[in-house]
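Participant: Here's the letter readout for the chains.
Protein chains: 2
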Amino acid sequence: MISTKGRYGLRVMIDLAQNNDGSYIPLKDIAERQEISKKYLEIIVKQMVEGGLIKGLSGKGGGYKLVKKPEKYTVGEILTLLEGTICSVACLADKHYDCPRRKKCETLPMWKEFDGIVHDYLYSKKLSDLL
Amino acid sequence: MISTKGRYGLRVMIDLAQNNDGSYIPLKDIAERQEISKKYLEIIVKQMVEGGLIKGLSGKGGGYKLVKKPEKYTVGEILTLLEGTICSVACLADKHYDCPRRKKCETLPMWKEFDGIVHDYLYSKKLSDLL
DNA sequence: ACTATTTCCTACTATGTCAATAGGTTTATC
DNA sequence: GATAAACCTATTGACATAGTAGGAAATAGT
Numbered sequence: 027m028i029s030t031k032g033r034y035g036l037r038v039m040i041d042l043a044q045n046n047d048g049s050y051i052p053l054k055d056i057a058e059r060q061e062i063s064k065k066y067l068e069i070i071v072k073q074m075v076e077g078g079l080i081k082g083l084s085g086k087g088g089g090y091k092l093v094k095k096p097e098k099y100t101v102g103e104i105l106t107l108l109e110g111t112i113c114s115v116a117c118l119a120d121k122h123y124d125c126p127r128r129k130k131c132e133t134l135p136m137w138k139e140f141d142g143i144v145h146d147y148l149y150s151k152k153l154s155d156l157l
Numbered sequence: 027m028i029s030t031k032g033r034y035g036l037r038v039m040i041d042l043a044q045n046n047d048g049s050y051i052p053l054k055d056i057a058e059r060q061e062i063s064k065k066y067l068e069i070i071v072k073q074m075v076e077g078g079l080i081k082g083l084s085g086k087g088g089g090y091k092l093v094k095k096p097e098k099y100t101v102g103e104i105l106t107l108l109e110g111t112i113c114s115v116a117c118l119a120d121k122h123y124d125c126p127r128r129k130k131c132e133t134l135p136m137w138k139e140f141d142g143i144v145h146d147y148l149y150s151k152k153l154s155d156l157l
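These protein sequence lines are chains A and B, in that order. In the numbering used here, each residue carries its 1-based index in the first sequence increased by 26. In the numbering used here, each residue carries its 1-based index in the second sequence increased by 26.
Treat the hints with care, since some could be wrong.
Chain copies aren't distinguished; within one or between two, either way the pair holds.
[What the hints assert, rightly or not] 27 Å max Cα-Cα, derived DSS-like pairs, lysine-lysine:
id, residue 1, residue 2
1, K81, K94
2, K138, K86
3, K31, K138
4, K81, K138
5, K129, K81
It should be emphasised that the hints constitute simulated quantities derived from the structure, not laboratory data. Source: prediction; values computed, not measured.
All chains should be built: construct the whole structure from the sequences, respecting the hints.
Facilitator: Here it is as structure tokens:
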């Protein structure tokens with residue numbers, strides 16, 4: 027299940043794309059348009075800056091801005107950054123799952139196939155497709 | 027993310043299918059073969075009985091048994107029963123989400139399409155495909 | 001009837017994540 | 001120097017996850 031972080035973040039990206047006139051867009055405006063708590067968006071947007079998805083400018087006249095054209099972003103990369111992983115099943119979320127049954131597990135191939143389908147969809151979908 | 031409930035439940039179904047000789051299969055055996063806590067499986071299996079996926083028989087010689095042939099079960103129906111919903115996004119999980127932005131939301135169509143793909147995959151996959 | 005084995009049932013719990021909120025500091029513009 | 005914005009750290013309530021614990025009821029064989 028995609029959380030609000032991913033969903034809100036995606037909407038911020040769309041908002042930035044739609045209102046892009048070259049200048050920086052203040053978060054306050056985005057929060058109002060999207061009807062999301064500005065305070066909460068700060069957390070999300072911070073992650074997006076750190077992840078290099080957008081850039082921010084402090085001070086009066088500041089705000090946020092996309093660093094690439096909308097067609098250069100995929101929904102998958104945006105969600106992965108915010109959700110940590112878009113993995114459908116813990117067994118595939120690399121790291122901590124060193125499941126001893128991996129070799130004989132009857133469900134693993136299916137999960138892999140499923141995960142592939144999910145990834146294919148999300149990484150083929152561009153931000154520009156949502157405008 | 028599919029939780030252990032759904033994943034373990036699916037493995038129980040596979041185990042029941044593989045070891046089906048007409049008699050009832052005790053949970054103890056399944057727990058040992060699958061290396062999952064029997065106590066925890068009790069909770070999961072109970073849901074599956076209530077949902078009509080399998081049937082149980084108490085007492086000595088008792089256990090659990092499939093009620094249909096493996097090719098008559100879809101992975102989707104098994105997971106839906108155990109997970110409550112396999113919805114990828116809260117906005118689509120019917121009930122509580124009466125989102126006021128539904129009409130103008132730019133992301134909703136994508137989530138619907140995504141959800142459709144997920145459902146198509148899981149409901150076309152049969153239990154018998156995993157044996 | 002007794003015993004063993006199994007499901008069935010209720011309750012509890014530790015841990016972690018989600019979705020925020022709160023309040024302040026720094027940075028840039030006019 | 002006032003204003004407006006990003007940036008930063010910390011805290012919180014609610015809920016879900018992944019179990020554990022202990023026993024009651026049902027069934028089969030002896």
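Participant: Next step is simple, just say for each hint if it's right about the structure.
Facilitator: Do the hints match the structure? See the list:
1. K81 <-> K94: within (10 Å within a copy, 56 Å between copies)
2. K138 <-> K86: Classified as neither; 48 Å inside a copy, 39 Å across copies.
3. K31 <-> K138: Both. Shortest intra-copy (25 Å) and inter-copy (18 Å) distances satisfy the 27 Å Cα cut-off.
4. K81 <-> K138: neither (35 Å within a copy, 30 Å between copies)
5. K129 <-> K81: neither (44 Å within a copy, 30 Å between copies)
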